[in-house]
Amino acid sequence: MAEKELVISKIKEGTVIDHINAGKALLVLRILGIGPGSKETVSMVMNVPSEKMGKKDIVKVEGKFIGEEELNKIALIAPKATINLIKDYDIQKKFKVTLPEMIEGILSCPNRNCITNSREPIIPRFYVFVENDRVVAKCYYCGRKIKDVDKYIV
Amino acid sequence: MARFRHLISIDDLSKDDIVYILDKAEEFEEIARGKKSNILDGKILANLFFEPSTRTRMSFEVAMKRLGGDVLNMTAQEASSIAKGETLADTIRVVSKYADAIVIRHPLEGSARLAAEFSEVPVINAGDGAGQHPTQTLLDLYTIRKESRLEGLKIALLGDLKYSRTVHSLIKALTLFNAKIYLISPESLRLPEEFLEELEGDIEIANLEDVIGEIDVLYVTRIQKERFPDEEEYRKVAGSYKITPKILKDAKEDLIIMHPLPRVDEIDPAVDRTKHAKYFDQAFYGVPVRMAILTEVMVD
Ligand SMILES: Nc1ncnc2c1ncn2[C@@H]1O[C@H](COP(=O)(O)OP(=O)(O)OP(=O)(O)O)[C@@H](O)[C@H]1O
Ligand SMILES: [Mg+2]
Ligand SMILES: [Zn+2]
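Protein chains in written order, with my numbering: chain A, 1 to 154; chain B, 1001 to 1300.
Hints were generated in silico from the structure; no laboratory data involved.
Think of the CB as a built atom: it goes at the ideal place given N, C-alpha and C, for glycine as much as any other residue.
Hints are supplied without guarantee of correctness; some may be wrong.
What the hints assert, rightly or not - Quick list of simulated restraints, FRET-style, between CB atoms: (1) 99(A) to 1038(B): 21 to 31 Å; (2) 1234(B) to 123(A): 17 to 27 Å; (3) 1073(B) to 112(A): 26 to 36 Å; (4) 1090(B) to 99(A): 33 to 43 Å; (5) 69(A) to 1072(B): 36 to 46 Å; (6) 95(A) to 1261(B): 56 to 66 Å; (7) 53(A) to 1261(B): 52 to 62 Å; (8) 1015(B) to 150(A): 45 to 55 Å; (9) 1077(B) to 150(A): 41 to 51 Å; (10) 53(A) to 1072(B): 43 to 53 Å; (11) 1044(B) to 150(A): 47 to 57 Å.
Stated by the list, open to error - Listed below are the simulated DSSO-like cross-link pairs for lysine-lysine, each with C-alpha atoms no more than 30 Å apart in a straight line: (12) 147(A) to 1015(B); (13) 1015(B) to 145(A); (14) 1172(B) to 1084(B); (15) 1162(B) to 145(A); (16) 1146(B) to 1172(B); (17) 1015(B) to 138(A); (18) 1146(B) to 147(A); (19) 1162(B) to 151(A); (20) 145(A) to 1225(B); (21) 1146(B) to 138(A).
Excised from the complex, chain A in its bound form:
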């Protein structure tokens, strides 16, 4: 199974994020702050057939062990993601992301009248939780609920 799944070449060291909801790989990178300016080598496969999920995305970041707290943030959009930390081509550690209770600085509040959207020295902060099988966020400051979190990732 693993053999068949290895669409891109093996990495020696780094972080593999597996079981990302199909189509969300780019958002995962955005949440992790990885983009054109980053120095890491990143590979990504989208819409890989998966037994568990139908289709999924996979992201591999070479030469970097991303911290668990950082990785848990992606549960916001990819609640089933599995993290594989690779060392010497082998999986050292594997875990599932867990949704944090509070998330800072990833979402922006859709309420235009919210204090977080004015010129104040604060980082937007949201409570996150699962409701009717969906991840929702609630602004710590104004209480506005976000049901479609994808749209408000900065």
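Assemble the complex: chain A is given as a structure, and chain B with the ligands must be docked to it using the hints.
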């Protein structure tokens, strides 16, 4: 130990906290009526009203002064120039060095929560945009308990249920006391579905004529002209939600009518002379309730 350091949202209080504040407010009624006190002697309250307010600002001021404390008021002009030049965070950092507590009203939602983060002293939210106004909710509950009953209550909320923050907070708090709640409003001003979804309680949309004979409290709110496309539409709707002595003839003997004030046309002045009218008492109860809160956060 104080039950809370800041008072930002009614949602931050448990039912037990609410009952505690109402009980405490009872003890302040005499002082609110003029009996001398010096419980807050030497304490200074900063009233930061970035939006106009008369009743709320004055009742905080009265509460503070009758308890022997003093008040710093910011003028409307100062408020607007501060709002232009300085962040709210900085204003709060400075003012919290001058005062022992801060009362804030601000047009942006979440502003009081932010103020609490940057303040060295307790912050009391007196309205943050369309957000929260917890002392209003507490004084509403106090009035209901005092003039009617909180347990087993049947209440109808009438008017603008869509935009009124007073109504939203009150409904939430009333569900803690298992009240039967009737919602009476024009179609376009109904309680938002999203808000209703989150509530667990006995809540029903109704007509006033159908429930007037069974309710203990009729809570009336203002229907604002700005919410309607044209003047004629507004008059039609507002007219059909006006409380008159005629509507009240089928009411229970001990029905009370409440209103957060200011009222415009929604209650006929002839109703003021009936035993049902409690809105002016309600305004007074704001004083002992705010005394209970001020002492809670300033006296240890
Ligand atoms: N050295 C490596 N370099 C790059 N990717 C790797 C490496 N080793 C494993 N992976 C990838 O990590 C993921 C997990 O690998 P594993 O061998 O544990 O598969 P699995 O048994 O299907 O695990 P799971 O139950 O998590 O789906 C797969 O997507 C695999 O392609
Ligand atoms: Mg697999
Ligand atoms: Zn917000």
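Comparing the hints with the structure gives:
Taken as a hint, the range 21 to 31 Å is violated for the pair residue 99(A) and residue 1038(B), whose Cβ atoms sit roughly 52 Å apart. For residue 1234(B) and residue 123(A), the Cβ-Cβ distance of about 42 Å falls outside the hinted range of 17 to 27 Å, so the restraint is violated. Residue 1073(B) and residue 112(A) have their C-beta atoms about 30 Å apart, which keeps the hinted 26 to 36 Å range intact. One distance hint, 33 to 43 Å for the beta-carbon pair residue 1090(B) and residue 99(A), holds here, with the actual separation near 35 Å.
The hinted window of 36 to 46 Å between residue 69(A) and residue 1072(B) holds, with their beta carbons roughly 43 Å apart. The hint said 56 to 66 Å for the Cβ distance between residue 95(A) and residue 1261(B), and at roughly 57 Å that hint holds. Our hint of 52 to 62 Å for residue 53(A) and residue 1261(B) holds, since their Cβ atoms are close to 57 Å apart. At about 37 Å, the beta-carbon gap between residue 1015(B) and residue 150(A) misses the expected band of 45 to 55 Å.
For the hinted restraint 41 to 51 Å between residue 1077(B) and residue 150(A), the CB-CB distance of approximately 44 Å keeps it satisfied. The hinted window of 43 to 53 Å between residue 53(A) and residue 1072(B) is violated, with their beta carbons roughly 60 Å apart. With their beta carbons about 48 Å apart, residue 1044(B) and residue 150(A) fall inside the hinted range of 47 to 57 Å. For the given pair, residue 147(A) sits about 28 Å from residue 1015(B) by alpha-carbon distance, which is consistent with the 30 Å threshold.
For a cut-off of 30 Å, the pair hint linking residue 1015(B) to residue 145(A) stands: about 24 Å separates their Cα positions. Under the criterion of a C-alpha separation no larger than 30 Å, the hint pairing residue 1172(B) with residue 1084(B) is inconsistent with the structure, at around 35 Å. Between the alpha carbons of residue 1162(B) and residue 145(A) the distance comes to roughly 17 Å, so the proposed pair stays at or under 30 Å and holds. Distance hint between residue 1146(B) and residue 1172(B) is fulfilled; the C-alpha atoms sit about 19 Å from each other, no more than 30 Å.
A C-alpha spacing of about 22 Å is found between residue 1015(B) and residue 138(A), which places the hinted pair at or below 30 Å, so the restraint holds. A hinted pair counts as satisfied when its Cα atoms are at most 30 Å apart, and residue 1146(B) with residue 147(A) does not qualify at roughly 40 Å. Taken as a hint, the residue 1162(B) and residue 151(A) pair is honoured in the structure, with Cα atoms around 26 Å apart against an allowance of 30 Å. About 28 Å separates the Cα atoms of residue 145(A) and residue 1225(B), which keeps this hinted pair within 30 Å; it holds.
Annotation: proposed proximity of residue 1146(B) to residue 138(A) is violated, straight-line Cα distance about 35 Å (limit 30 Å).
When the structure is compared with the earlier hints, violations turn up for hints 1, 2, 8, 10, 14, 18 and 21 and for no others.
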